[in-house]
Amino acid sequence: MTSSLNHIVSEIQRKEKAISLSYPNVIDEAYQMTIYLQKLLVSTKEDVIKQCFKTHWEEVNFFRNIKPYIHSKLIYYNKVFRIQTACPVDSCKMYVNYFSEQLQELKQEYTEHIYNSNFYRYYRSGRTDHDETYFRLGNINFHDGLNSFVFEIDPLFSTYYDYKVARK
111 MTSSLNHIVS EIQRKEKAIS LSYPNVIDEA YQMTIYLQKL LVSTKEDVIK
161 QCFKTHWEEV NFFRNIKPYI HSKLIYYNKV FRIQTACPVD SCKMYVNYFS
211 EQLQELKQEY TEHIYNSNFY RYYRSGRTDH DETYFRLGNI NFHDGLNSFV
261 FEIDPLFSTY YDYKVARK
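Just so it is clear: in the sequence shown, position 142 is 252 by the numbering used here, and no numbers are missing.
Hints may contain errors.
What the hints assert, rightly or not - Mimicking DSBU-like on lysine-lysine, the simulated pairs with C-alpha atoms at most 35 Å apart in a straight line are:
| no. | residue 1 | residue 2 |
| --- | --- | --- |
| 1 | Lys125 | Lys160 |
| 2 | Lys274 | Lys125 |
| 3 | Lys189 | Lys217 |
| 4 | Lys203 | Lys155 |
| 5 | Lys164 | Lys217 |
| 6 | Lys274 | Lys164 |
| 7 | Lys189 | Lys155 |
| 8 | Lys160 | Lys217 |
| 9 | Lys160 | Lys203 |
| 10 | Lys127 | Lys203 |
| 11 | Lys164 | Lys149 |
| 12 | Lys127 | Lys155 |
| 13 | Lys127 | Lys217 |
| 14 | Lys274 | Lys127 |
| 15 | Lys217 | Lys155 |
| 16 | Lys155 | Lys274 |
| 17 | Lys149 | Lys127 |
| 18 | Lys274 | Lys149 |
| 19 | Lys164 | Lys203 |
| 20 | Lys189 | Lys127 |
| 21 | Lys203 | Lys189 |
| 22 | Lys217 | Lys203 |
| 23 | Lys149 | Lys189 |
It is worth saying that the hints were derived from the structure and are not from the lab.
Predicted, not measured: the structure shown is a model, and the values here were computed from it.
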């Protein structure tokens, strides 16, 4: 893969700054970043399928670091867009209540999906001893009782765990 994490990170940061300066409204900014990141993910997928990985390390690095970075930004900006576009327009008290509810939902999602997960403890501790299992294509262990979305995963561009890293 010719795309490195540093290159992708700097490109995304450059785009974030440019869009932030061009779109002072948070809804427009989140929308533009969502469009940009979706296109970046599609073009990255095309590159991965066309070029393939030359080494196991390259594949693990991509699914552990590069793809989750893009995907996490996409999830973030989409969430900002959805929260902001559903926000009530009127009083300050309504804003406070609305954003408090949204914060509670985010905390609940964190508690349910991340807080008690063995995988997240593995990932956040910086361990790499199971990377070959978690971040290689085709290594899905159905005995772990995975979420149903695993059946919709693109086997040429996704592992079950690259999405879980993106949600962190």
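Hints, verified against the model:
1. Lys125 to Lys160: 25 Å, holds
2. Lys274 to Lys125: 25 Å, holds
3. Lys189 to Lys217: 14 Å, holds
4. Lys203 to Lys155: Violated - the C-alpha atoms of Lys155 and Lys203 are around 44 Å apart, more than 35 Å.
5. Lys164 to Lys217: 40 Å, violated
6. Lys274 to Lys164: 24 Å, holds
7. Lys189 to Lys155: Holds. Lys189 to Lys155 sits at ~22 Å (cutoff 35 Å).
8. Lys160 to Lys217: Violated, because 39 Å separates the two Cα atoms, which is more than 35 Å.
9. Lys160 to Lys203: 53 Å, violated
10. Lys127 to Lys203: 31 Å, holds
11. Lys164 to Lys149: 24 Å, holds
12. Lys127 to Lys155: 24 Å, holds
13. Lys127 to Lys217: Given that 35 Å is the threshold and the Cα spacing comes to 28 Å, the pair holds.
14. Lys274 to Lys127: 27 Å, holds
15. Lys217 to Lys155: 31 Å, holds
16. Lys155 to Lys274: At roughly 18 Å apart (the allowed maximum being 35 Å), Lys274 and Lys155 satisfy the hint.
17. Lys149 to Lys127: With Cα atoms ~18 Å apart, Lys149 and Lys127 stay inside 35 Å; holds.
18. Lys274 to Lys149: 21 Å, holds
19. Lys164 to Lys203: The hint is violated at about 56 Å.
20. Lys189 to Lys127: 19 Å, holds
21. Lys203 to Lys189: 22 Å, holds
22. Lys217 to Lys203: Answer holds: Lys217 to Lys203 is near 21 Å, not above 35 Å.
23. Lys149 to Lys189: 17 Å, holds
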